[in-house]
Structures are given as structure tokens and as C-alpha cells.
Amino acid sequence: MRRWSASSVLPYLVLVAVAAAYLLPIWLVVVTSLRSPLAGVFKDWFPFRIEAFVPYEFHIENYLSLMTPGASSRTGVSPDYGRGLLNSVVIAGTTVALGTIVNATAAFAFSRYSFPGRGILFALVAASFLVPFEAIVIPLYTIVNGLGLTNTYYALILPAVANGVSIFVFRQFFLGVPKDLFEAALLDGASILQVIWRVYLPLTKPAFIASGIVLFLGQWQAYFWPLVIVRDHSMWTVQLAVSTISGMVRDQPPDFGAMFASAVVTLVIPMMLVLPLQRNFQVAFFIGGTHH
Amino acid sequence: MSRLFRRGRRPTVRYHAGAPPLRHWWLPYALLTPAIVLIVVFGVFAIVGGFAVSLQGERFNSGQAETVFVGLRNYVAVIGSSIFLKSVAATVAYNLAANPLLVGAAIAIAIALTRAGRMATFFQSTLLLSVCLSWTVTLLIWRSILSEGGLANGIFAALNLPAQPFYTSASQALWVTVGISAWAGVGFWALVFLGALKAINPDILEAAALDGATAVQRFRYVVLPLMRRTVLLASVVLTASNATVFVPAQLLTLGGPDNSTHFIMYEASQKLFYDGRPGEAVALVGLLMIVVFALVFVQFRVLRSDDA
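Protein chains in written order, with numbering that gives the first Met the number 0: chain S, 0 to 291; chain E, 0 to 307.
Because the hints were derived from the structure by calculation, they are not lab data. Keep in mind that a hint or two might mislead.
[Said to hold, decoys possible] If we take Cβ atoms under 8 Å as the criterion, some of the chain E residues that face chain S in the derived model are:
{"id": "1", "residue": "F83"}
{"id": "2", "residue": "V87"}
{"id": "3", "residue": "R114"}
{"id": "4", "residue": "A157"}
{"id": "5", "residue": "A267"}
{"id": "6", "residue": "V281"}
{"id": "7", "residue": "F296"}
We treat Cβ as the ideally placed atom computed from N, Cα and C, and that holds for glycine.
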């Protein structure tokens, strides 16, 4: 007979509570985004009816208004979310591509060589990971502004390419690859970059995936820096678009239906990357156990 | 640099200690160059440049504003401003509430995950969902739910409970912000602590159990000490990032009501964008970072002692 003690049930209670705490609000947002914008998306919220959680309507106007110019049913003005989406995809994608190369090669140097200055340089990398980006936003803004690079892709991409967390993850995984493989490949006449590409990448795939996800999420979710640097809608990122649509910006009227639709899309896109790659991404969290 | 180029000889670069020196000594430096250059330009230069800006102010010279060196005037002005103490109080309260809450809840959830057996993957997916959340989306969701005519008050009304002002109340706004921040962040940290827990050798726990230790004792005397590094990591990163909390003030509460959420970083951004005083803004952030570094240093000392 199975014994149901407190200690065996408690973990499940905790986990169910946490799962509900995340799933319920998000489900609510999804359902509400499919409500008719003309009848009012909040109609079951107050006074509250349990139907608020039931998707009995399936209107896609809110999603359409995000993408089509002038189609917002409430304000008649295009939220221009599509532009933000495009920019963020370009920015995040470029950052991942560049960042993978830059951070992997740096981590390779740290893990496979012993050289004067290694300690100091590594400390520099670690420090960059400890200093929160918010702290340098304001001085960085004055530099970028002085260079005339405000409102450009450069300003949005370059500061995020070299990433301390990414270097840490790569280094941790590279350290786990036997040294003989490296030396053998070199004896076969391979150049360093070939060694990384042909030997290390297949063996440390989780590191590449984890680093890619970290860089992508970092750019996708960035808000303060784009807020400071972007001057007009042509260069804005997906988060800036969402915050404008939600009327959190002064003097912009909110279109709630479009707001929830934008939230869903902004959330779903990273999920489409993270959830399928879950297993590989999880491994990176083991860094928590073997840090420094 | 003198150690690097001893008496005209190249630096001694090896694959590992004990190996012969490499002929191509410049290899690791070449590999590191892009990353280091970027970190220096967008990190070190920014900090140094920032420091320089903090020492500059404006003076009006026959109708024209010009930038001059003003020494520590900005720092003095920042500390002396009426909003300074309120900003500090709001930021300190936020950190004292949010950091232990996040770490504690994350550890609890991580432990629960290790006991969840086959369902673990499902629950982990929900946590990964939270990792995909951004501040903007999070605040959008909770702003709607917690608004005056929102879902929360709708449920309260249906249950005949009094409506709550939440973020429109000077007494509740800060705690609501802490709650929202914890909601958004705990998933990620739970996964980090899960990684740390999984790295603990099960034999050690088994040995302790055989010695008669209860679950609570095993946790206190075996698990927790072995997680010390991760707790240090979480604590340091959270200190740095929660000290610079900005987005909720910007998007949800606008620093209020009654300046109860007028965080230091929010004040700095106000100084930059609305008051047109970059020198003071940077000075404020600089002061904040000094405190953060001091706290991080203290945490390293306290939590890293007798590292196994």
C-alpha cells in the first residue's frame, strides 16, 4: 500500500502552486487576447465570471491589428508591432551569431592555454558579468551619442555581443573535453578555428545552445538600453513596441486587445526556441553547481 | 606588462602547466581580442567615461550653456536633493524584501523538483516559461490583473472582500512590485538551484541518512553547505540587479504613489531625461555602484569563507 506522507505530497503541492501561478495568468492573457475588441476584452474580468478563463470567443482582430497599418480597432493607428518584431529578430539573431564566435573563442583561450595575464583578463570577464547593464547605460549613452550612433543597429547589437555568462558556460564545457583531442587535431594540421568547429562544437553542443539562448533572450527582453538609444519607431525593439501599445508610455492611448495580443506573441517567440531545446539548455544550469 | 615581455623575450604560453612553451605565443591573445575589446569599449570605457561625465556640469556663460569641470558638485547635489533619501529607502526596502524571498523560494522549488519524479519535466517547462517573460510583458499582465477594475478586484468583489488599491496605494505599491518581481524571477533561479542540487553526490546524502540524520538535518548540514557557492552566486547577482531596479518604476508606478517606488535608478533616469542633468545622473549611479560593490565584497567574504 502506498504511503501518502506529508513529505511526499508537499513537493507536488509546491510545484502545482508554482505552475498555476505561472500558467493561470498567462492562460488568462491568451484567452483575453482572443476576445472581441469591440465588445470589450475585459468583459468577464469585472464583475468577475469564471468564463474569463474560458476561450469561448476566437477573434483574431487583435493580432491582425498588430501587423496591419491603421488597423487598430480602438485607436485607428497602427501599433507598428511588426517593425519591432523585425528589428528584434535581426538584432537578437546577429547578436547570437557574433556572440557565439566571440565568446567561444575567448572561452577556448581561457580553457586551453596557460598564459600571462590570464587571471586578470578572466577577472575582467567575471566583473563584466557582475556589473548590471543598467549601471553603465547612462555613461554608455553619452559615449554612443557622442559617436552619433544613437538609433542604429550597431548601438543595439555591439554592447551585448561579448557576454560574461556565455564565456563562462563555454569555458566550463571546454574544460571537460580531453586535452589529447585538441593536441591530436593540431598535429593533424588543423587551425584553431577548425579545431573549435570540428572537434569542440559537436562535443559541447549544449554550451553552444545555452549560450545562444542566453544571448537571444538578453536581446529579446532588453528594455532600458533600447529605451535610451532608440529615437523613432523605425528602430524600435519588440519590448518598446509592447510597452507603447500597452499605454504605459505617457500620452499614448492603450488598445487593450492589441496589448494582450502583443504580449502573447512576445512571449511565444522565445518559448518556441527555449522549450524544444530544453534538455540542452538545462545542462547550462548545472553551471550553478560547478561555478568558478 | 614587464612580466609579459621579460627582457625582450616573448611571453611564456603553454597548453597547460608543465607543457613546453608554444611557438605561436600570440594565439590565446588573438582569440581573446574581440571579446576583450568589446568588454573594454562597452564596459571599461563606459565606466571611465561615466566617471568623467559625473565630474562635469553646466555653466551659463553669457547666455550660452557650456560644460565645465565641477569636481564633486554633482555628488553633493545628488546627496543633498530632497528625493535622495526616499529613493534610498525605496531601493533598500525592495532589496531586503526581494532578495531573501527569491533565494528562499527558489531553493524550496528546486528541492520540490528533485522529489517530483516523472512529473519533473512538466514542472520544469513551466519554470522555463517564466524565463521567457520580460519585464514589459510581466508588468503588462499584472498591471491589468491588479488594476482597480481588474481581475483581482473582480475576484475579491465576488468573494465579498474589499477592493485593494495595489500599486495605486503608497503603502502597497512597493510590496506589489516585490511580489511581481519575485513572480518573474523565481523560475530562473529555481532552475539554477536545481542544477546545484543535482550536482551533489547522492552517496553523501545516503551516508548521512544511514547515520540517522532526518531530512531537515540532512538539508541543514549537508545540502545547504554544498550549495554555498550557488547561494553566493544568486545573492551577488540579485544584489547587483535588484539594486538597479528600474522598469517597474518606469512602467507601472511611475515612481509613486507618493514616491514610494522612486528607486535610485529611476531617479537617475529622471535626472538624465527630464532634468537634463547627466552629470548628476551618472554621479547617482556611481554612488549606487560603490555601495553594491561593497555589499558584493561583504557577501564574498561571508559566504566564501572556508571554501572546500
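### Task
Return the status of the interface hint for E/F296: holds when the least beta-carbon distance to chain S is below 8 Å, violated otherwise.
Where the cut-off is 8 Å and the nearest Cβ of chain S is about 11 Å from E/F296, the hint is violated.
### Task
For the hint on E/F83, just tell me whether its beta-carbon gets within less than 8 Å of chain S.
Nearest chain S Cβ about 17 Å off; hint violated.
### Message
Quick check on the hint: E/R114 CB to chain S CB, less than 8 Å?
### Response
holds, 4 Å
### Closest C-beta approach of E/A267 to chain S relative to 8 Å, hint status
holds, 6 Å
### Interface hint outcome for E/V281 [beta carbon to chain S under 8 Å]
holds, 5 Å
### Query
How about E/A157: closest beta carbon in chain S under 8 Å, or not?
holds, 5 Å
### Task
Identify whether the interface hint at E/V87 stands, where standing means a beta carbon of chain S within less than 8 Å of its own.
violated, 16 Å
Checked against the numbered hints listed earlier, the structure breaks hints 1, 2, 7; every other hint is satisfied.
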